[in-house]
Each structure stands twice: as structure tokens, then as C-alpha cells.
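Could you slot chain B onto chain A? The hints should help.
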Amino acid sequence: MAEGNVAKPLILQGRNAGGALERVTAKARRAFRNSVAILLFLTAWEIVPRTGIVNVTFFPPFSEVVNAWWGLLRAGDLQDHLAASLTRSISGFLLANLIAIPLGLAIGWWKTAADYLNPFLELMRNTAALAILPVFILLLGLGETSKIAIVLYASLFPLLLNTISGVKNVDPLLVKSARSMGLSSVSLFRKVIVPAALPTMFVGIRQAGASSILVLVAAEMVGATSGLGYLIQYAQFSFLIPQMYAGIITISVLGIIVNYLLLALERRLTDWKQTYGE
Amino acid sequence: MTTESKISIRHVHKAFGIQRGSKQLKAENQPVYALQDINLEVRQGEFMVIVGPSGCGKSTLLDLLAGLTKPGSGQILLDGKAISGPNLDRGIVFQQYALFPWKTAIANVEFGLEAKGVGRKERRETAQRFIDLVGLGGFEHRYPHELSGGMKQRIAIARSLAYDPEVLLMDEPFAALDAQTRETLQSELLRIWEATGKTIIFITHGIEEAVYLGQRVAIMTSRPGRIKRVIDIPFESRRSEEDLRSNPDFVKLRHEIWELLKDEVSRAQEQEKSKTLDAYAEGRSSAKGGVRHG
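Here the protein sequences come in this chain order: A and B. No gaps in the numbering here: position 101 of the first sequence is 90 in my numbering, and each next residue is one more. To convert, count from 1 in the second sequence and add 11; that's my numbering.
Please keep in mind that the hints were generated in silico from the structure rather than gathered at the bench. Beta carbons: idealized from backbone N, C-alpha and C, even for Gly. The reader is advised that the hints may include incorrect statements.
Said to hold, decoys possible - With a straight-line cut-off of 27 Å between C-alpha atoms, the simulated DSSO-like cross-links for lysine-lysine are: (1) B:K284 with B:K239; (2) A:K180 with B:K127; (3) B:K114 with A:K157; (4) B:K132 with A:K180; (5) A:K165 with B:K273; (6) A:K262 with B:K114; (7) A:K180 with B:K114; (8) B:K81 with B:K127; (9) A:K262 with A:K157; (10) B:K114 with A:K165; (11) A:K180 with A:K262; (12) A:K180 with B:K81; (13) B:K239 with B:K81; (14) A:K165 with B:K17; (15) A:K100 with B:K81; (16) B:K286 with B:K239; (17) A:K165 with A:K262; (18) A:K165 with A:K100; (19) B:K81 with A:K157; (20) A:K157 with A:K100; (21) B:K81 with A:K165; (22) A:K165 with B:K127.
To be verified - On the chain B side, residues computed to face chain A include the following (Cβ under 8 Å): (23) L79; (24) A93; (25) P97; (26) L99; (27) F122.
Claimed, not checked - Some chain A residues close to chain B (C-beta under 7 Å, calculated; not the full set): (28) R22; (29) L163; (30) S169.
One chain only, chain B, in its complex shape:
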């Protein structure tokens, strides 16, 4: 199995020495363990969902996969080679879209292609193709502020797919959207995944979203984040199913994950509370630096 892995996460640890921006550092100079011994194999073309309570280090893991930070120990392999930094072989979709507000939709999609060194004409054609793929033909020349949240996220997905990464990393991409837009985009994402055959690592705190999208779901513990269990979601084709969410198997899996996650969520909330209290006890300027999200 190791040989056919697209991404291998092996014994990855990550700790933060201090939190940036706060002044009462000396008291809590001991490192905060964000991730502890993470092991995960993701196959070529697989849709892997990572679900966990807030503050469990999901986003830290994603930053590591993106190559934006380096693991304290352990390694992450892409096609058997260690990840050494950010690269266009991985595309990221952020919760807050991260579109460049001074660029039109199509120029945003072209951004990664530009970084890749693709010529002007080809760039435009590729960008157009991916805008059509995410169903936003006709909106090419709109600026981000002229688009709805759902549309922005479609453009962000198009931007990440356009430069043809090996792996698509998605960090709670639908969390900021309203429920209906979210469901539409979830099924759209499945369609896009089937059309492109990309390997996707999708991070969420939504259990239903995880079961609906993932071929496998990895459940993380509260901090320090570990992989508690990886569960197979054995639906053949999600998109042919009329109302998958009310399918008894779906409900059963959702409940199973909920059982696994329940304790972690309450522990995470306890951690957050005590941390906030500590920060208050130590004096001023607490609230903001206290909560590390993700």
C-alpha cells in the first residue's frame, strides 16, 4: 500500500514554541503540541476527508502538506519524495477564498498559471476552461466583490485546479457558506473530482460533509492532534444516489463518526475555556492571542 500512496504522512510532529503577538509569553514558554505522531496514507485519486474538533491542528496539518511550514519531526512524502516547500504540485483552497480583490475572476484563475510560466494565450484558454468547469461562464470579468460567497469559492477552486496540481488541499472550504450553497457546492465538488480525477485532501469539522464527500474519513483528536481512526465510506457513486443523506447507511456512518468525535469536541472546548481563563488570569490583552484556530 505504501508504494501506491500519493501522499504519505509519517510520524509527523509539530509544536509551537510561542504564540506570536502576545506579550505574556514568558509564563507559557513551554511548547504547545499541535500535532502528535500523525500517520496517514492517501492513495492516488482518492477523496480523503480529515475531520476533527476546532483547534485540533487540522489547519496546521494542511500548512505542512502545503509546505508552508516544516514538521518538527517525521516526514511528508508526495509520490515518494519529501515535501520541501510550497509548489504548484499542490493547490490550496482556503475557507476565506483568498482571491486577489484587484483581479477579475479570470485573472485570478490565471494567477497560478502565470506563476507556472504559461504563455498569455494558453493561460487565458486554460482559465476559461476551468471557469466553465466550475459553472461560472459569463462571470469572467467580474471582480471578487461583485461575486457571492459561493461564486468566489468556485473561482478559488478553478484557480487551484487550473495549474494542474497533483493534489488539491481544501481547508474547510465551505464553512463560510450558507447551508444551501454549501450542499450545491459539495455535489459540484464531487462532479469536479470525478471529472478531473484529482487526489483531494479535504479538511472540515462537519461530520455530514465528511461522510458525504469522503471515500475515507480520518478522525482527529483534540490537541495535541492525532489520527484517532480512519473510516471507509463505501458508497459506490454518491452522485447517482437521489438523497444520500437520508440513506440508512449514511446515517449509521454519521453516527459512528459522531460517537468518535463527541469526546474530542468537549475536550477541545474545555481546553479552549481553560486557556481563555489562563490568559485572563495572566493579565491584559488576552482574548485575541489565546485561541489558535484550525
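In isolation and in its complexed conformation, chain A is listed as follows:
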């Protein structure tokens, strides 16, 4: 598994043949730098329980967790729970996008509205979504609706706030320049405001993507009969400790994948941006 991770970046890129060896070594070095801490952690996870420093029952070695994960996958449990979680978080996340982006664009454009609404939105954002989960459960029941609603709530505010600030902070000179070319308000919005605000909007989209998973897992632990959060909780209650860790790892990996996908989308849409570093 670890070997596969190291090899991947080498295949992905590589344009012309000149200095190929140098590039390969540079990539290998980077791959090593990126993975060494994780590998050390996993090694420690494997060794420490076996030496008896911690209780093997509560903290099984990594290989056992991998075995349990494989077992869950073969039984099909993992797929079911993953599908349940993904359906909820994707629905909530997409709904939040559908609501927040048009709304944010409108509020950001209308500066007075933004000034009045911003403190309220900040307040809502800083109200931890989980703190109002009981409210959602009371109002919407234990079913899918309350879970999608909590994801929607958690994703909505980062999206909304970043879209508003993206629109508000568009360089006024660009607006002036476009206006001097006689652009109508509609095309000004479409051709200048939206593309200029896109990078900031993406900050919100990535925050929302991350929180849509975090919040959902926690919500599933409280009241659900499926999903990764439920899997973890259920495994703990049933004393299936390796399975519990397998669920936790699945969530971590899922989070990384989601972030990576959103980052890739962002790079694609804003490839004009000056990139620092890498």
C-alpha cells in the first residue's frame, strides 16, 4: 500500500526527456518527504501494541485493522455505510452550493445588504452545527432529512461568507475598466465579478466540503442506523475494536480524497492564478 503511494507521482507527470533522471530523483525525494511521517506513524502503530506498552484489545496493531477493513469490504458492509454517508453529505453539500452561491453573489453585489447581514452570518457560522443537531432532530426527526439538513447548515455559512467576501473584494479598477467599455450590469457580473470572485469562493467550497463530512459523521454517531459514523459507534458498542479503527481510517481517507478532488477542481477553474511554491 505504501509502495503504491510512493510510485504514483512518478507516473503522473514527466514532460520531456531532458534531465529525466534528475526529475525522477527530485520526485522520489518529495514522495519520501511527504510520506515519511505517515509511514513512521503506521510503523509505530504496528509495533507498539505488540510490545505490550498499550493494551492490544483497545489498540490493535495496524495490520489487524487493515484485516478488519478488508473483512468489512468483502462483506459489503463498508460499501453500504460509505454509500449512505456519501449520499447524505453530497446532497447536503450540493444543496448548500445551490443556495449559498447565488445568494452570496447577490448579497455581495448589494453592499448595504452585505454590511447588515455579515454579523448575523458570522454568528450563525460560529454556532457549531452539532450544537443545534438536537433542534434539527426535534424538528425533522431521525431520518435522512435531519442529516442532510445538518450538512446543509454546516456547509452553508462558509460558502455564503466566502462568496460574499469574494464579490465584495473584486478589484474596483477591474469593474471600472469593464464599465468604461460600456458593459451592462448583467455582463459585468458574468464576465468580471464572478470570475474575479471565484478564488475566494473556492476557499468556501473547500471549507464546506471538509465540514460536510465532519459534521455528518458526528451526526450519524448520535442517531442513525447506517453510515460511517454509525459504523464506528456500533463497532465500539459491539466491542469490534479493529472494525472501529477501520471505520475511522476510512473517514480520514475519504476526507483527504474529497479535499484533493476539490483542490483539483479549483486548480482547473483558476489555473490563471499565480501559484506560489510548488
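Below, chain B without anything else, positioned relative to chain A:
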């Protein structure tokens, strides 16, 4: 003379009620006069330079010419018709380039053509022609952040010329560039002007730049901005002259303008100082709102 004017500025006044963004407004609610009775006739194909101290309302005048704001009183005519708003018959080049960072050089040049409703293929060809005119062939597909300041300004000039405006308005376009790039671009601009025959109104605070570029130079006073004098710069062809800047006539004209401008500059600086002090006296959050530039 009035009949052949491309642009006529007649008795234009402009005042600002309040400055945006600051909180201590009530105390200074009386209007700030930016421009007072501006009169200027610009002929077809003329290169007119407006020079003045900072804060004299040069940029306000340019905004009025662009149609981005309306004069308090008086009128501005283009080909005998009053300017009613922004339009593609005037092109603006800003000091800070104002290129769209998400568009490549050529897409930036196409922007105005798109607004004009020119078809895709023709747009590309026209844009290419103007990129070649400003000497940036080969850089079409670079993004603005990949270009130097001088290159960005060339692209901005190409963008404004591409949609074929009647008048090119330039707001201190070379002020942010280093001295050598600036001199190169000044002579390039003269070449482009001769090639296209556009009427150009060029705003600057550089006296040498004014004398070098302008057929006529209008000198503005410190706020409230008025036209103090309009001076003819009688060089036949600037570009054939080997080193125009050391020509005795050039030096004499530069000195003449400097004499006219000297008092205005020191007055403008006084105004700025007292304003900053006032703003401090009135309390917090002063520095930023205090200085209106242009």
C-alpha cells in the same frame, strides 16, 4: 475652431459632497470642489497632455471624459454630442493596467471587441493585429501575472485600441513603470499614435513626459482644478529627433511648464498636509480616507 473639435469641455464643474468610507463626515459636509470651470478643446487626431500636481482632479476629469461620472455643471461634447455615459467610442488606459487576471493577453485584448459584439473569428484576428502593433507577438497566451509591467501596459493599450475608439484616454499610464521602460513606451506610444491617428488625451504629473509626448500641454492648478494655461509644443516629428530631451527648445519648454506648475505643486502639498492634520484632529481612522488621489 469649435466646429472641428473632437472633444469640447465647456465650463465643467465637479464637486464631491462627501468622501466615501469615513465616519467623521458631519464635520466636513461642505462639498470639496474638485474641478472648477474647465474649458478645453481637443482637435481630431491631436495628442493632448494634461499635466498637474497630484490631487488636482486630473483623474476626476478623466472619469468625466470616460462617462463614468457626470459633471456637476457644464458639458462635455464628443463630435458635438454630449457624453451621456461610458461607451466604446472612448478607450481608457489606466495606470494599474486593469487587465483581467483570469484572461490571457489575447483574451484581454478581445474583451472590448466581445462587448462590441464582434464575431469570434474576427475578434481573434483583430486582437492579434493589435498585439503585433504593440510589439508583443508571441506573448498572446500568457496570463497577466506572467508579463512585466511594461508588457501589461502594452496589452492594456492594445485592448483599448482594438475596439477602435474615437478617443484614447490615458490616466498616468507609465507612472508605475521604471524609467527605461517608460521612455521606451513613450516613443512606442508616439509610433502607435502616428500609425493609428487616434485622438489622445494623456494625463500625467511628469513635465518631461508631457513635453515629449504632447502637441499641446494643458497645465492644471491645484484643487480646485482649473486649466491654468495651454502651451503649444511645436516639434515637427518627435521620433526623427535623435535625442529630443536635450534639445534646447525642449529644455526651455520644460522649464516654462515647471515655472507654471511650481506654485501649484507646493500649494497642493500644503493642502494635503493640512487635510491630513485635520483628519487626525478629528479623531481616528484618518489617514486612508484623507487623501483623494488623482
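Each hint tested on the structure:
no., hint, verdict
1, B:K284 with B:K239, "holds, 23 Å"
2, A:K180 with B:K127, "holds, 14 Å"
3, B:K114 with A:K157, "holds, 20 Å"
4, B:K132 with A:K180, "holds, 19 Å"
5, A:K165 with B:K273, "violated, 32 Å"
6, A:K262 with B:K114, "holds, 10 Å"
7, A:K180 with B:K114, "holds, 10 Å"
8, B:K81 with B:K127, "holds, 23 Å"
9, A:K262 with A:K157, "holds, 19 Å"
10, B:K114 with A:K165, "holds, 17 Å"
11, A:K180 with A:K262, "holds, 16 Å"
12, A:K180 with B:K81, "holds, 25 Å"
13, B:K239 with B:K81, "holds, 22 Å"
14, A:K165 with B:K17, "holds, 24 Å"
15, A:K100 with B:K81, "holds, 22 Å"
16, B:K286 with B:K239, "holds, 23 Å"
17, A:K165 with A:K262, "holds, 21 Å"
18, A:K165 with A:K100, "holds, 16 Å"
19, B:K81 with A:K157, "holds, 24 Å"
20, A:K157 with A:K100, "holds, 7 Å"
21, B:K81 with A:K165, "holds, 15 Å"
22, A:K165 with B:K127, "holds, 17 Å"
23, L79, "holds, 6 Å"
24, A93, "violated, 16 Å"
25, P97, "holds, 5 Å"
26, L99, "holds, 5 Å"
27, F122, "holds, 7 Å"
28, R22, "violated, 28 Å"
29, L163, "holds, 6 Å"
30, S169, "holds, 5 Å"
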